[in-house]
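Chemist: Sequence order for the protein chains is A and B. Under numbering that gives the first Met the number 0, the first residue of the first sequence carries the number 0, and numbering increases by one thereafter. Under numbering that gives the first Met the number 0, the first residue of the second sequence carries the number 0, and numbering increases by one thereafter.
If you're looking for bench data, these hints aren't it; they were derived computationally from the structure. It should be emphasised that the depicted structure is a prediction, and the values quoted were computed from it without experimental measurement. Treat each hint with caution, since some may be false.
As the list claims (entries may be wrong) - Quick list of simulated restraints, FRET-style, between CB atoms:
hint : chain 1 : residue 1 : chain 2 : residue 2 : range
1    : A       : 345       : B       : 52        : 27 to 35 Å
2    : A       : 3         : B       : 39        : 50 to 58 Å
3    : B       : 240       : A       : 279       : 32 to 40 Å
4    : B       : 170       : A       : 345       : 52 to 60 Å
5    : A       : 293       : B       : 39        : 28 to 36 Å
6    : A       : 279       : B       : 261       : 38 to 46 Å
7    : B       : 52        : A       : 195       : 40 to 48 Å
8    : A       : 11        : B       : 202       : 16 to 24 Å
9    : A       : 345       : B       : 261       : 41 to 49 Å
10   : A       : 3         : B       : 170       : 38 to 46 Å
11   : A       : 336       : B       : 39        : 30 to 38 Å
12   : B       : 184       : A       : 186       : 58 to 66 Å
13   : A       : 198       : B       : 44        : 56 to 64 Å
Stated by the list, open to error - The calculated lysine-lysine pairs, modelled on DSS-like cross-linking and capped at a C-alpha distance of 30 Å, are:
hint : chain 1 : residue 1 : chain 2 : residue 2
14   : B       : 217       : B       : 165
15   : B       : 215       : A       : 305
16   : B       : 122       : B       : 36
17   : B       : 223       : B       : 213
18   : A       : 289       : B       : 52
19   : B       : 213       : B       : 22
20   : A       : 289       : B       : 36
21   : B       : 127       : A       : 269
22   : B       : 70        : B       : 213
23   : B       : 36        : A       : 305
24   : B       : 52        : A       : 44
25   : B       : 52        : B       : 239
Beta carbons: idealized from backbone N, C-alpha and C, even for Gly.
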Amino acid sequence: MIRDQETLNVLLDTITRFVRERLVPNEALVAEKDRIPDELVAEMKELGLFGLSIPEEHGGMGLTMEEEVLATFEIGHASPCFRSLFATNNGIGGQGIVIDGTAAQKAHYLPRLVTGEIIGSFALTEPDSGSDAASLRTTAVREGDSYVLNGTKRYITNAPEAGIFTVMARTDPSRKGADGISAFIVERGTPGLSLGAPDEKMGHKGSHTCDVIFEDCRVPAANLIGEREGIGFKTAMKVLDKGRINIAAISVGVAERMLEDALRYACERKQFGKPIAEFQLVQAMLADSKAELYAARCMVIDAARKRDEGRDVGTEASCAKMFASEMCGRVADRAVQIFGGAGYLSEYGIERFYRDVRLFRLFEGTTQIQQLVIARNMIRAHNG
Amino acid sequence: MGSQARLEKHKESKNSHRSIALKILVPVKRVVDYNVKVRVKADGSGVDLANVKMSMNPFDEIAVEEAVRLKEAGVATEVVAVSCGVAQCQETLRTAMAIGADRGILVETDAELQPLAVAKLLKALCDKEQPTVVICGKQAIDDDANQTGQMLAALMGWPQATFASKVALADGKATVTREIDGGLETLEMNLPAVVTTDLRLNEPRYATLPNIMKAKKKPLETVKPADLSIDVAPRLATIKVSEPAKRSAGVIVADVAQLVEKLKNEAKVI
Ligand SMILES: Cc1cc2nc3c(=O)[nH]c(=O)nc-3n(C[C@H](O)[C@H](O)[C@H](O)COP(=O)(O)OP(=O)(O)OC[C@H]3O[C@@H](n4cnc5c(N)ncnc54)[C@H](O)[C@@H]3O)c2cc1C
Chain A
0 MIRDQETLNV LLDTITRFVR ERLVPNEALV AEKDRIPDEL VAEMKELGLF
50 GLSIPEEHGG MGLTMEEEVL ATFEIGHASP CFRSLFATNN GIGGQGIVID
100 GTAAQKAHYL PRLVTGEIIG SFALTEPDSG SDAASLRTTA VREGDSYVLN
150 GTKRYITNAP EAGIFTVMAR TDPSRKGADG ISAFIVERGT PGLSLGAPDE
200 KMGHKGSHTC DVIFEDCRVP AANLIGEREG IGFKTAMKVL DKGRINIAAI
250 SVGVAERMLE DALRYACERK QFGKPIAEFQ LVQAMLADSK AELYAARCMV
300 IDAARKRDEG RDVGTEASCA KMFASEMCGR VADRAVQIFG GAGYLSEYGI
350 ERFYRDVRLF RLFEGTTQIQ QLVIARNMIR AHNG
Chain B
0 MGSQARLEKH KESKNSHRSI ALKILVPVKR VVDYNVKVRV KADGSGVDLA
50 NVKMSMNPFD EIAVEEAVRL KEAGVATEVV AVSCGVAQCQ ETLRTAMAIG
100 ADRGILVETD AELQPLAVAK LLKALCDKEQ PTVVICGKQA IDDDANQTGQ
150 MLAALMGWPQ ATFASKVALA DGKATVTREI DGGLETLEMN LPAVVTTDLR
200 LNEPRYATLP NIMKAKKKPL ETVKPADLSI DVAPRLATIK VSEPAKRSAG
250 VIVADVAQLV EKLKNEAKVI
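Pulled out of the complex, with its shape left as it was, chain A reads as follows (with noise of 0.2 Å):
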């Protein structure tokens, strides 16, 4: 839902300036560096991006989730780097409480989550506990006032820079699967939590995931996110509902840029006399990348819009991140083709996309898991 073309078309034209001005000159920057300036931080801090998502109530711009993944698309067109840092404050790691938070919990994170001076992170993975989350070990037993946590997560994205998780723990050890988990605000220096060390990744380069560990770290009751137990991992895959959307944006988004780099080396580019765009080997990577871009985009556009709608989108959701994100892969992978040997040289900065992008297949539910969703949903419906 676009509640006013004009006012959305001056902000995406504002995101997109910034993003060809500001983020793309710094690009090989901060990889080289696996470091965001301080001075860019707080430039996309100062511009807003912190609060895309956030209610206006709260001061942020409450952006609809089809605004959302337009601004998203624009932002794909930088290194997907930058959108990590903002991307858990209006995603996995604010959504918790903006969508089942109490009244006092919103008002006491959301604003500042807007406005970029606290990140959130999202903590539900864990060693023994990936793709099946519900089996999660991390425990909160309830004493007094507060709850006590125990546990390991794992991969987490911007724990090195969080002031705020979204923890999923489980409160009910009787239950084995997802009934028995909660979900809890746990401020960074809180005495029992602390940071494995930066994990050395394969791209993403300047964006961060460690361990978070808990060891008898004293959250207050109050911190328990709806202020009721059991619900945690039904807010958890609500969030991960619209976090699969956007990943699915962001995938159309990067998968746009590098078919542009593509584009303009096939066109600049000559071999055996002509621009290397004139041969037709070359011309059906550059179609099937344009038509597989272009169904993604559409499919994105329209889950968006459904669940702006107030419907259940789980398994469009679900379509639209595995076709993106697998997309995203074959378009990386033609882009590099293209560029020929310069592909596999930093200096092109395409080889360092063809990393970026493969988390999009792995992570808030790999491919197989996507799969397993969109299935089970079918059936589902098909039983009644």
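Here the structure of chain A is known, so what remains is to put chain B with the ligand in place on it, guided by the hints.
Modeler: Frame of chain A, contents of chain B with the ligand only:
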């Protein structure tokens, strides 16, 4: 003057320029985005604008930025953005309001507008709005005419300072530093006046995303040229538009003698 008296005087002058209304009018033009590679229409009648990205003329952005800075510094009290052209110019006005203009006026018309017509429309608005200063871009990057500001100053009978690289307003006067060939020139002129901006006047900010959302709520008034009793009919006819000549391939000369010979006889530059 004792320090106490100086302090009093300082307070007075601060208060005095607070209390005087100082309105700045900033005309903003919607032009082809500076990143777009423009194409000439096949029939040579103009530039192809179909599906081309449009944005605010960069010099006008500098003008809006300057006006907003003057307001933020407490010198100006109101900034009004004006755009003349098609309905989509509203977007350009919203951008100006997102940067910090207080309100917008659209003079809506689908007609082709030439500098004189725009200057006349702006005159009509100046008569109505009574601004203290008009700050416009020195030229628009589409037709590069560099005429509107000057024509407006002439129509209003106001002083003008073009190509400004520094602007200060105080005590009913504008002090403007201009970029001229080989140096800078500083002018002082009485207000009201017209100032046109050069590239180095300031570096425009990005409108923040929350301010873009808030700009939606700022007032935007739409008028038609007829409401202002202005005839905007073109006075000039475009006969032909053509692409710049393609650069032809270079040649490698054998020695200095051949180079000199070619410069003399082929290029005829020496
Ligand atoms: C850079 C990065 C950032 C991340 N950020 C976060 C974060 O912020 N918060 C968070 O909680 N998590 C985060 N994750 C974790 C991520 O969501 C998980 O890695 C992902 O869900 C997969 O889990 P796993 O790594 O344990 O793989 P596994 O579950 O062990 O899967 C291994 C393989 O087995 C396949 N597989 C597993 N089960 C099945 C099945 N039933 N049927 C068919 N195939 C199956 C998978 O598809 C995969 O191919 C991040 C991961 C990375 C790499």
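Chemist: Look at each hint and say if it fits the structure.
Modeler: Here's how the hints hold up against the structure:
no.	hint	in the structure
1	A:345 with B:52: 27 to 35 Å	holds, 31 Å
2	A:3 with B:39: 50 to 58 Å	violated, 35 Å
3	B:240 with A:279: 32 to 40 Å	holds, 35 Å
4	B:170 with A:345: 52 to 60 Å	holds, 59 Å
5	A:293 with B:39: 28 to 36 Å	holds, 29 Å
6	A:279 with B:261: 38 to 46 Å	holds, 42 Å
7	B:52 with A:195: 40 to 48 Å	holds, 46 Å
8	A:11 with B:202: 16 to 24 Å	holds, 22 Å
9	A:345 with B:261: 41 to 49 Å	holds, 43 Å
10	A:3 with B:170: 38 to 46 Å	holds, 42 Å
11	A:336 with B:39: 30 to 38 Å	holds, 35 Å
12	B:184 with A:186: 58 to 66 Å	holds, 59 Å
13	A:198 with B:44: 56 to 64 Å	holds, 60 Å
14	B:217 with B:165	holds, 29 Å
15	B:215 with A:305	holds, 25 Å
16	B:122 with B:36	violated, 33 Å
17	B:223 with B:213	holds, 26 Å
18	A:289 with B:52	holds, 21 Å
19	B:213 with B:22	holds, 21 Å
20	A:289 with B:36	holds, 22 Å
21	B:127 with A:269	violated, 61 Å
22	B:70 with B:213	holds, 18 Å
23	B:36 with A:305	violated, 37 Å
24	B:52 with A:44	holds, 27 Å
25	B:52 with B:239	holds, 23 Å
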